[in-house]
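There are 2 protein chains.
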Amino acid sequence: MKGKIIQTAIDLFDEKGFKETSIEDITDNIGATKGTFYYYFKSKQELLKDIHLSFILDLLQKQEEIIRDPSKNNYQKLYDIIYLIISGIKTKGKSARIIFREMRHIEEVHLEQIKGKRRDFRLNVQALLEDGIAKGHFKNNVRADILAFSILDMVNRTYYWYNPDGEISEEELVNYYLEIILNGIKNRGPEHN
Amino acid sequence: MKGKIIQTAIDLFDEKGFKETSIEDITDNIGATKGTFYYYFKSKQELLKDIHLSFILDLLQKQEEIIRDPSKNNYQKLYDIIYLIISGIKTKGKSARIIFREMRHIEEVHLEQIKGKRRDFRLNVQALLEDGIAKGHFKNNVRADILAFSILDMVNRTYYWYNPDGEISEEELVNYYLEIILNGIKNRGPEHN
Chain A
1 MKGKIIQTAI DLFDEKGFKE TSIEDITDNI GATKGTFYYY FKSKQELLKD IHLSFILDLL
61 QKQEEIIRDP SKNNYQKLYD IIYLIISGIK TKGKSARIIF REMRHIEEVH LEQIKGKRRD
121 FRLNVQALLE DGIAKGHFKN NVRADILAFS ILDMVNRTYY WYNPDGEISE EELVNYYLEI
181 ILNGIKNRGP EHN
Chain B
1 MKGKIIQTAI DLFDEKGFKE TSIEDITDNI GATKGTFYYY FKSKQELLKD IHLSFILDLL
61 QKQEEIIRDP SKNNYQKLYD IIYLIISGIK TKGKSARIIF REMRHIEEVH LEQIKGKRRD
121 FRLNVQALLE DGIAKGHFKN NVRADILAFS ILDMVNRTYY WYNPDGEISE EELVNYYLEI
181 ILNGIKNRGP EHN
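For the protein sequence lines, the chains are A and B, in the order given.
Letter 164 of the first sequence, counting from 1, is numbered 164 in the UniProt record's numbering, and no numbers are missing.
Letter 16 of the second sequence, counting from 1, is numbered 16 in the UniProt record's numbering, and no numbers are missing.
No wet-lab data here; the hints were simulated from the structure.
Hints may be right or wrong, so weigh each one.
Intra- or inter-copy, both count: the list cannot distinguish identical chains.
Unchecked claim - Simulated crosslink set (DSS-like; lysine-lysine; CA at most 25 Å straight-line): (1) K72 - K186; (2) K42 - K115; (3) K139 - K186; (4) K2 - K42; (5) K117 - K2; (6) K94 - K115; (7) K19 - K44; (8) K44 - K117.
Please build the complete structure, drawing on both the sequences and the hints.
Here it is, written out as structure tokens:
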């Protein structure tokens, strides 16, 4: 029932907006009572916070699995983390859009918790880049802190314009990003291409 | 007087939020009457639209001057466009933050106009990249459409975390972005560094 409430809420928040969706709208839609809703959530705000937090915790857990995997080098880990974000557009695009759009309805104390998890995700990318610099995979003039922001800004914003069912596949897009990040776009002449 | 109203409104929207700022708040602050406000603007929404539109029109005009400049090659033009955006954080950071945050208070018809101008800005970057590919400045496997999104997403989001009075100067940041975009971060060994 909890999962059903969350899924219905995501659909309604996406269609009508968070403010315009009442708890009755959610419970009516699944034939439940308001009592059932309050059994699982203290308020609509708390439900929204749970959607946010579970989205970022899921990403963070998968990211940590990638980072811990001893069979992958830093290029592959970077690929996998970018792929993790891009592949979420198809399956979790709705949650993500709600997350970005309805951020302002989250209470300050919960927002701090969510922001903390987002920061963890970014700092993991930064640590990966630092490790790659130390091991000679990445150039030693790379600023891992700025680059972690840059990569995540670039990849996260894909949620606003990329259509995973369009002409470019998720794999092509991720390969494309990795190619730019690793090799850049400057033409160095035929001998380097 | 029009400029004074706009500047006061930007300060108040930034401090209190758009919704929480009344027209009286703005006029009281500069010792004017509501009649004066309505002489220049039909409504608070129209004032917000004017702030948005003048921000993007100013950027667009400066971008077009950069692109038309025959003394610059495509690398320099790309540098100048990124610098144009980054240097705006100091002088126009407040307007920009309001633009991003209060977008939802703009009426649909005006939003379309603003989005059109933002699209023009992006398409100018795309055209610059296409020209650079045609002239052999950039690799011919570059997808100018995706890259225009990527560069602008990366650079625009700087408004959320970069402090122009901090340890990294605007020039350093722009050089850094250009270095990544042009040359990437992969270590190709000492002979290429």
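Which hints, by number, does the structure contradict?
none
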